[in-house]
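> Next come the chains, spelled out residue by residue.
Protein chains: 2
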Amino acid sequence: MPHGSEQLLFELFVIFAAAKLAGEMFERISLPGVLGEILAGTVLGPYALAWVRPSDTISSVAEVGAIFVLFTAGLETSPGDLIRVGRKAILVAIAGVVLPFLLGFAYMKLRGDPSTEAIFVGAAMVATSVGITARVLSDLRVISSDTAKIILGAAVFDDILGMVLLALVAGLASGNGLEWLHLGVLLAEAAAFVLFMIFVAPRIFRRVHPKVEKLSTQDASLIVALAICLFLSWLSAKIGMAAIIGAFFAGLMFSDFAPRWNLPSRVRGITDFLAPYFFFSIGAQLNPRLFTGKVLLAAVVVSVLAIVSKVIGCGLPLLREGWLSVFRVGVGMMPRGEVALIVALVGLQSGIVTQSTYAIVVFMTALTTLTAPPILRILYRNETRGGENPTAAV
Amino acid sequence: MPHGSEQLLFELFVIFAAAKLAGEMFERISLPGVLGEILAGTVLGPYALAWVRPSDTISSVAEVGAIFVLFTAGLETSPGDLIRVGRKAILVAIAGVVLPFLLGFAYMKLRGDPSTEAIFVGAAMVATSVGITARVLSDLRVISSDTAKIILGAAVFDDILGMVLLALVAGLASGNGLEWLHLGVLLAEAAAFVLFMIFVAPRIFRRVHPKVEKLSTQDASLIVALAICLFLSWLSAKIGMAAIIGAFFAGLMFSDFAPRWNLPSRVRGITDFLAPYFFFSIGAQLNPRLFTGKVLLAAVVVSVLAIVSKVIGCGLPLLREGWLSVFRVGVGMMPRGEVALIVALVGLQSGIVTQSTYAIVVFMTALTTLTAPPILRILYRNETRGGENPTAAV
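Chains G and W supply the protein sequences, listed in that same order.
End of the first sequence sits at 402 in the working numbering; the numbers just go up one at a time, nothing left out.
End of the second sequence sits at 402 in the working numbering; the numbers just go up one at a time, nothing left out.
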């Protein structure tokens, strides 16, 4: 009767139940459920009521939850579609990285902060947190629409650029200056990984799949998909990208076989179980008490800049597709998440960034994360009644 | 880029891949896959090659995996069936507890060990590890046969008796003597819980289920089932039983609605993902180097006694059903697991039990765990060709 397990089971139950209960309440008043799951984390988390302090194990579960959110998103995206939107997605990603960085940097300089601090804030404004958007798109059942594919594709590239920027600011923070060689290697590895996963991996898999179907293990197709998802998640963390990028590409690799192997419903079971821990944990990291007076003002300005720059930067390359597409993609790319928090934390721990600048970044993350889901829902409202690309319900 | 996560993902991948690969190899030579998963743990685990040292997080994942193995088993058992085999199951459980305890106690006394040490060994020989048997029965697709239901039912009662014995020996170990009040409370709580879950919970649930189907959350039926599974697992750990007992009864509660809600395939996805960590961890706890000379002899004798006493004790009440049922149930109840190891550990840590007695118990656990699955497979070989109760494939 190990008592550690009693504590763990209690946390698992309370977080799961609280997140889904809040989600249900939000759905009933026509707000995205994921918002409820995040706010449940903020309210019950260590910075507010402090009823639940997520342990290391819960953090690990949350991380695996994020992996399965992206794996599911990948399963619902076909490599062909991603290639088709590829050019647009890359433009969206680059514009959506450059503009937020410049605006964030400029505002902090205008406030009179030193350049290094301005670079950190700019870098924190760059990387989209695709987990939240993927979940909202999936809940709205529009994940196979064209704009959803551009968002997912752009978010992948933008995450890679974010990782490069993180390596850059980490170099600044270490005081060793920039290690250009390291940056070059990171960029080359990321590019090679992405190209391989889009163009080569699905073809290899199409050749070997009959062997998978002949395996003796029960549910062999699911087992193989899970093993490859875990492997690619680890690999992309290993070469310095986010684990979720690997998970997304693992899903992409299996997407053409997903219906035949009945993968979506079985993987969805895992995602349904683990994802609430991810969204709850995001919420639990937000400290609503950090904000007073001047910090709050700066936080609001940075948040507005983060929103405007991402919507304009990501939307502009799509002007020809009409305003709806501009805003769908722009807002879809809005939420910032883990990468922003990590950039800020690196800066704080190395003493380059002050407590109040850290609070500004956290506030920006919170606001972009919380505002994107309800706006997305409004923007996709007409989709099922015959929008750009009527989607099949999963 | 937190590097802890890279390490975690690596462990998750390696354990999953190694367990399933070994399982596939075993299936190909017509041995149960679960045996391969366990042996993968022993070979790669800390006591042999030491390539993988399961971290605390992996242990937690393993525990949740065990919960889902029993939740799945519960989903495949209907409360009505359990009530029908109830009398037989209780007889099997009691005979299967008394005989192993007496034989273990007697042998250790004959060897010249003190009474307290003999009581520990006897207690360790009592509790069946139902996780392994449930997995084998499920793999063989005979989990809805009559004997499978007797095994699952008896294993639940036997686990409760095991917990009572554990409380008893823990009292011995603490030197405070026996706390009869504590034992009585434990027994009363366990009985109340089991009776409530078999007779009352499914009825309550039949009344409220239309409300679940009206919830706004996506996949609400699965979400509610998962929340109740986590809650009952915690609750049964809280009142001093094993968490997996709660998980089994949670499954039982939903079993009548499982097909309508498409629960089995979605929960199976979760079980497929998490269960390998449980079986790998069981294997990783076995230290093959503990055994030399006299210890090995005693270990073999105790193991044989553990096997014979369980097969006879559990099988005898079923003599009227024919020899096949006797052996199926007897062998199905054979594997000892966590409870035996915990009893031994409590004894070791309190200094009552010696290192060599501890090794004897570990050996007995290993041997009963490893030998039951292949024998079960042989005993159920004719089932699908029209055995006692031809079963529907799940």
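Simulated from the structure, these hints should not be mistaken for laboratory data.
The beta-carbon is built from N, C-alpha and C at its ideal position, and this holds for glycine as well.
Any given hint might turn out to be false.
Derived EDC-like pairs (lysine to aspartate or glutamate); straight-line CA-CA distance at most 20 Å [as the list claims (entries may be wrong)]: (1) G/246 <-> W/19; (2) W/219 <-> G/35; (3) W/222 <-> G/121; (4) W/302 <-> W/147; (5) G/222 <-> W/14; (6) G/302 <-> G/121; (7) G/222 <-> W/147; (8) G/246 <-> W/14; (9) G/219 <-> W/32; (10) W/219 <-> W/264; (11) W/222 <-> G/64; (12) G/302 <-> G/125.
Label-pair restraints from in silico Cβ distances [claimed, not checked]: (13) W/385 <-> G/189: 53 to 59 Å; (14) G/222 <-> W/213: 38 to 44 Å; (15) G/94 <-> W/224: 34 to 40 Å; (16) G/357 <-> W/224: 38 to 44 Å; (17) W/213 <-> G/223: 33 to 39 Å; (18) G/193 <-> W/224: 31 to 37 Å; (19) W/212 <-> G/63: 28 to 34 Å; (20) G/204 <-> W/301: 51 to 57 Å.
> Per the hint of 34 to 40 Å, is the separation of the Cβ atoms of residue 94 of chain G and residue 224 of chain W within bounds?
Check passed, 36 Å falls within 34 to 40 Å.
> For residue 219 of chain W and residue 35 of chain G, compute the direct alpha-carbon distance and say whether it is at most 20 Å.
It holds: about 15 Å lies between the C-alpha atoms, which stays within 20 Å.
> Has the hinted range 38 to 44 Å been met by the Cβ atoms of residue 357 of chain G and residue 224 of chain W?
This hint holds: roughly 42 Å between Cβ atoms.
> Hint check: residue 246 of chain G vs residue 14 of chain W, CA-CA at most 20 Å. Holds or violated?
Distance of about 6 Å is within 20 Å: holds.
> For a C-alpha distance cap of 20 Å, please report whether residue 222 of chain W and residue 121 of chain G respect it.
Answer violated: residue 222 of chain W to residue 121 of chain G is near 54 Å, above 20 Å.
> Assess, step by step, whether the Cα of residue 219 of chain W is no farther than 20 Å from the Cα of residue 264 of chain W, and give holds or violated.
Given that 20 Å is the threshold and the Cα spacing comes to 16 Å, the pair holds.
> Does residue 246 of chain G pair with residue 19 of chain W here, judged by a C-alpha cut-off of 20 Å?
holds (13 Å)
> Take the C-beta atom of residue 212 of chain W and the C-beta atom of residue 63 of chain G, compute their distance, and say whether it sits inside 28 to 34 Å.
holds (32 Å)
> For the pair supplied as a hint, residue 219 of chain G and residue 32 of chain W, is the alpha-carbon distance within the 20 Å limit?
holds (13 Å)
> Determine whether the Cβ-Cβ distance between residue 213 of chain W and residue 223 of chain G falls within the hinted range of 33 to 39 Å.
holds (37 Å)
> Mind checking the alpha carbons of residue 222 of chain W and residue 64 of chain G for me, to see if they're no more than 20 Å apart?
Outside the cut-off at roughly 35 Å; violated.
> Is residue 302 of chain G close enough to residue 125 of chain G, meaning Cα to Cα at most 20 Å?
The hint holds at about 17 Å.
The structure fails to meet hints 3, 4, 5, 11 and 18 from the earlier list, while all remaining hints are met.
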